[in-house]
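Chains A and B, in that order, are what the protein sequence lines are. Under the working numbering, the first sequence has 137 at position 137, and the numbering climbs by one with no breaks. To convert a position in the second sequence, counted from 1, into the working numbering, add 920.
Hints were generated in silico from the structure; no laboratory data involved. Accuracy of the hints is not assured; some may be wrong.
[Unchecked claim] A few chain A residues that don't get close to chain B, going by computed Cβ distances all over 12 Å:
1. Asn94
2. Leu743
3. Leu747
4. Val859
[Stated by the list, open to error] Straight-line alpha carbon distances no greater than 25 Å define the calculated SDA-like cross-link-like pairs of lysine to any residue that follow:
5. A/Lys76 <-> A/Phe388
6. B/Lys1099 <-> B/Ala968
7. B/Lys1276 <-> A/Gln400
8. B/Lys1390 <-> B/Thr1347
9. A/Lys76 <-> B/Ala1312
10. A/Lys196 <-> A/Phe256
11. B/Lys1276 <-> A/Arg826
12. A/Lys76 <-> A/His48
13. B/Lys1333 <-> A/Arg738
14. B/Lys1146 <-> A/Gly422
15. B/Lys1276 <-> A/Arg624
16. B/Lys1390 <-> A/Tyr378
17. B/Lys1333 <-> A/Asp740
18. B/Lys1333 <-> B/Ala1261
19. B/Lys1146 <-> A/Pro43
20. A/Lys311 <-> A/Gly652
21. B/Lys1146 <-> B/Met1257
22. A/Lys196 <-> A/Trp103
23. B/Lys1333 <-> A/Leu743
24. B/Lys1276 <-> A/Val134
25. A/Lys76 <-> A/Thr49
26. B/Lys1146 <-> A/Thr49
27. A/Lys196 <-> A/Arg180
28. B/Lys1333 <-> A/His48
29. B/Lys1146 <-> A/Arg692
30. B/Lys1099 <-> B/Lys1276
31. B/Lys1276 <-> A/Asn399
32. B/Lys1276 <-> A/Gly875
33. B/Lys1276 <-> A/Gly827
34. A/Lys468 <-> A/Pro494
35. A/Lys588 <-> A/Gly652
The model shown is predicted, which means the values in this text are computed figures rather than measured ones. Using N, Cα and C, we set each Cβ at its ideal position, and we do this for glycine too.
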Amino acid sequence: MSVGERVRDQTTPASATATARGTKAPSESAGQIDPRLGRVHWPLPSMHTARRRSLLMALICLPLAAWYLSWLLEGKRIGNPVLFGLLVAAEAFNLFQAIGFWWTCSRQRLRGGRPLTGEPQAVDVLIPVYDEPVEIVEPTLAAACAMRGAEVTVWLLDDGGRPEMAVLAGRYGAEYLRRRTRIGAKAGNLNHALGKSSAPFVVVLDCDHVPHADFLERTLGHLEDSEVAFVQTPQYYANAAGSPICTAAAAQQNLFFGPIARGKDGLGAMICCGTNVVFRREALDQAGRFPEGSLTEDFLLSVRLQERGWKSTYISEVVASGLGPEDMASYVSQQQRWARGCLSAIPAVLRSRLPWRARIQYLLSATYFLSGWTLLLYMSLPVIRLLFGVQPLASITANQFLIHFTPYYLGALAAVALAGSGTYTFSAFALSACSFWIHVQATIGAVFRRAARFVVTPKHGELRRQPKAVAPPLAAVAVLAAAAAYGLARGHGPATLNNVAFAALHSTILLIGAAPAIRLRRSALLAPDAAAPTARRRHRPWPKPVWLAALGVVLLIPVLLGTVGTRALQIPASLNQRAYRSVSSFLKEYVSRDGRVIRRDQGGDTVSESQAYGMLLTVAMDNRARFDSIWGWTRAHLLEPNRLLATRWADGRAVSSPPAADADLDAAQALVLAGERFGRSSYRDQGVAIARAVLANETVRGDTRNTALILVAGPWAHSPAVLNPSYFSPRAYADLARADPDLRWRLLVSSSHAIVGRLIAHGGALPANWATLGAAPGTPGATTTTGTPGTVRPIGNPADPAAVTQPTSSFDAARVAVRYAASCNRGDRRLAADLWPMYRRNPGRDAYALDGAPASPDVHAASFVGAAAAAHAAGHRAAANRLLNRAQAQNDAHPSYYGAAWVALGRVMLTTAALGSCTS
Amino acid sequence: MATDATPVTGGTYVDRRHRPPVASIPGASALTRAWSPSRAWIVVGSVALLGIVLRLLLVRGIWVDEAISIHQAHMSLSGMLHNLRATDNHPPLYFLILWGTVRVLGSGDLAVHIPTIIAGTLLIPAVYVTGQELFDRRTGVLAAVFTAFGPLLIWYSQEARPYAFLMLFATLALWAQMKVLRDGRLRYWVAYGALTIALIYTHYFSVIPIAIQQVAFAAVIWHRSKRGEPVKQLVTHYWVTWIAIAVAIAPLAAYAHQQFANDVLTGQGTGAPSAGATSTGVSQTGHPDIYALLANFVWALWGYHANSTMLAIGALWPLLMLLALALLGRGRSPESMLVLALAVVPPLVLMAIGFKDRFLFEVRYFSGAVPMLMLLAARTVVTSSARRLPVALVTVALLASFVAGIGDEQLAKSNPRDYDFRAALQTVHRNARSGDTLLYAPVYLNDVVAYYAPGIHSEIVGSHTPTLPKHGRVFLLASFLDQPGIASDVGGARYALQHSRMHLVHTDHLEKIYLWEYR
């Protein structure tokens, strides 16, 4: 590694003391080998390297975070608003923590030990004990008595009132104190001892942290600065190799007591961590000693001291070796205490009069224990998507998400890896993730001010499996697995597989975190006798039924919110808010309960085109019931024996009117999509039947290689061939070709592209409403059948193509831009883009001359949608959004069936993948 | 790393108790129980035998690009070189090998594939020796096993194109570099120089891994000089080797320049004819994107599959987040970093180039990175656990996925790379009589048609309406119909046929190939 490693050899103080007194070393007398007496391995980076590296990572990660969040916060990303809000909140919280981490690490200060320069001082060493075994306490006591560099008085503060502790204290010449009551738990015990002792400096050691002989020599020098209240030193888990839990916990500690603690020191906001710390008595007295109402008395004490202007100091050297939690129950117990204590302290931090930097640092530390909520949300999202089909984001592709999210994600991981110099491991992360429920539990406890008890972290690993300690994560895994199985049973589409993969990701992390509690692996260290676990079990805070029930409720919250929000709003996953509003508004205004789409602004009749629009929009809405009703009505009233749709229905019957190719094509497409979306092959079959009827009745053979088969306006438009370019629909061709592989669809793709290309002359003209094949009458080679090879001629009157009528491009023709902008073919989209310069000059007009000059002073919503499509295809997304909004506003001011339909279809086709993505 | 405790000197405490030596763990893998060289070579030899059997069993028909290469190999040597210079965009080494092969073995399906089958099989021991040199024997053996079963490696062992040689030379060049840095004997410098020259003469994009290797050389020299170790000999040998390489590749400069100029002039682009089959490798925007990167990664490890399969596999990208997390806290050796760079940088560079020419971002152009991925996979598996069972399970799971990949790639007709021109044209060849005509589109099927249907009168369906024969039948062969231009050419031809005296009598649809018979 690039950082320098400082490895301190630590002789065994207890052994030395025992040898001096002619007694047996405590570690040997216990019949065990104590890792706390071993050599310390604690890598320290060069300060400049660490700071530079962290600063660099911060500078890289910040723009990446901004890149991701700015993309995420675009309005059109909103899928389910409730889930979206929760996701944004979670991401904001994580970003707050991440920025705090980068900031902290970039201000690292590497402070070494400093010996006293003056006369040795008197120091009281306080070692609170409660129910810890003698073999744990004895090395600590022995080593404390052997500390050099001061006049040391060691106090064994026994809240357990056990005679063997008194004997132990006597053996090493330590003072022994016991209380009549146990008020205030550890803090009360310490305060009691402070009242009995008087030295100007006070060392607090947990009974499992063995101080090195030079502990005071390395720390007291820093207290020569009269403004320093305490000197904190690292908590080093000497038994890190003893069990997987302890290895992972040690990796977490290494990150905190490494770059984070050094950074807090650099910012003057180091927190007292409850052990391995030297206090100035005067400061303690001023702060009112240890707060007895908190589970994390050390954290609150730090706040009070710094509020009073005292400074804190952190030295990066290990001067005491301790024991980390060896089993899951111990770890859970420790985390529950820290989480509850820190979260309860948040109001105190907010109310405090700390400098802003210190206040943010304290908030960062305290709010870290809210991170379990974010994990809970991230786990819930695939479950909600798989069960209910709703998701927080809309209008996204996996590619967009990956482009924006991956750099941020990898950058954040790299920052952690580099800041920790590789000490933070995957198992540490997994164990942390596995503790998500503790954070949730602690938050609920803190919010509802439920009474909490100070629980001493057990010092021995248990020799049996501890499934109860990981019951919540295992329950979460079960829910994720069940949701994945349910999703896979329903379908194997990419969206389902993606969410199954997310479920698998979370499950794997949780299982890896929980594995040590399930797998029986005996700790090699300090293995207690077989009876011990039973005796200690009553102290373990197993998750109680009430807590499990509360957790269950909490787990359900996002699910319920998502479900309720979804049901209230009926927003499908694939639509964004605006598209949803437009579609639902159209369906509400123009579709009757029996499934008839009524042209209320045109005499209340119904046309096949309107039914087809309704079918497409209900597919986009994922609303099978509405689709059923619209298609049911259409089939009953418009479907002709030749499988084409009668054009118009009025006064209770289909009016004799020939079919129109666009309605037939759109209806066939809607049926095929509905078949795929709703899993009903009968829809697909009916769509294919209509599609085949289109091919058979509504196409003519062209006679050049580019127009081998041409879609005409209807069965009536064969001779002379009358075309409506706005009927050409590349997406419909593609969807129908997928359902019915027929080469003729490819020929239609090609001929439609060629004809539209010729009509718009590479952006030199707008598409005419109508066209025919062949040259103008009187031109040599003119024909009345399928036209002169290669010639397409705009016409003004489809009923009489030969008549000399000025062709125009109205809001009908604007559909050309929409349909081609929504195509999956780049060349098609380029055609739509070619129209943008023409539409851009006067967008939204009712009608234009083919050269782009407005032919009407009026505007129409569908025309705005056409302009939006052209802008969208040309890559001007902001302009496209503006024009869609203008279309919406126009239609709100002057409602029309056609305008409403195309505003909705435009939004769906241009801004969502609700009618299928190009890769599906 | 940081949390490792070490024994105190002469002390009562020995921390090794907590982390016993791997070999003493019951059921531990042989991380410390090293394989003997003979045992390893027996395994590698067996695997290589299996590898060559697989490669021989799964020989495919000729593909468009291969047909071009075979057509060129039938020319005179000077004619081929001239043709390559004027119309192709590859260096000549592989084509010279193919030219010799055609002269010796003929141009049957198997014969033209022999050089790449040999190169693909030699890659197996090459990966073994490289893995052994970089890491240890166990990693080498496992990497060799993965190489034998790697679907993409099998695929390109069966294609008469330069990619199998690119992979072989790239792997051996890495081995030679490690030998040079660790041993330094002259023979290894010669080997390194020769392999680098071979790499450049095989594919122009090999300059990317070669450049990465030079960065590694520079890093080693810098570190050694920083540590005060002598580097003079290393530097001297390095420069002498590079002078030799420069002299050897000098003739290629003019050749490459002309190819590049022709390429720009014609707007042909490297490999454009076959790029139609890469639909999931490039986004709808026409630019490479992260999904394309994922697709290339999947291709590299599991071979080519149907677009729907690729979409399904691509949707599993969240599992890669797990991989990123699993890397937290893992040690990184310089050897691993070098292999990682050789596996990752070439695709990234080509991805960047892909923004200019989207067809260039495709796994075959960085196929030299695929053996590196196999080495990394083997290293990851070997170091994933100290116990034998988890390592064995992961190995079996990965191998099973490779076997599934081979099955889908080679047998599923939905593989977008698998165009069975052989079957279609053999049908024509079988049924055609004198006076019959074969029409085909697109134009670049001409060499495939010439290879499989020699002697049949054939005509391209293109920008003009083909001349229809007065007598005999007409076969219309079409492929790549997802490209509108080709579809419209074929549509035009069909229209003309239907409006002539011809009647459609038979249609064959072989997945991506259409064959119509008119009488």
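Q) When the hints from earlier in the document are held up against this structure, which numbers fail? A) Hints 2, 3, 9, 10, 12, 15, 16, 18, 20, 22, 24, 25, 28, 29, 30, 34 are the ones this structure does not satisfy, whereas the remaining hints hold.
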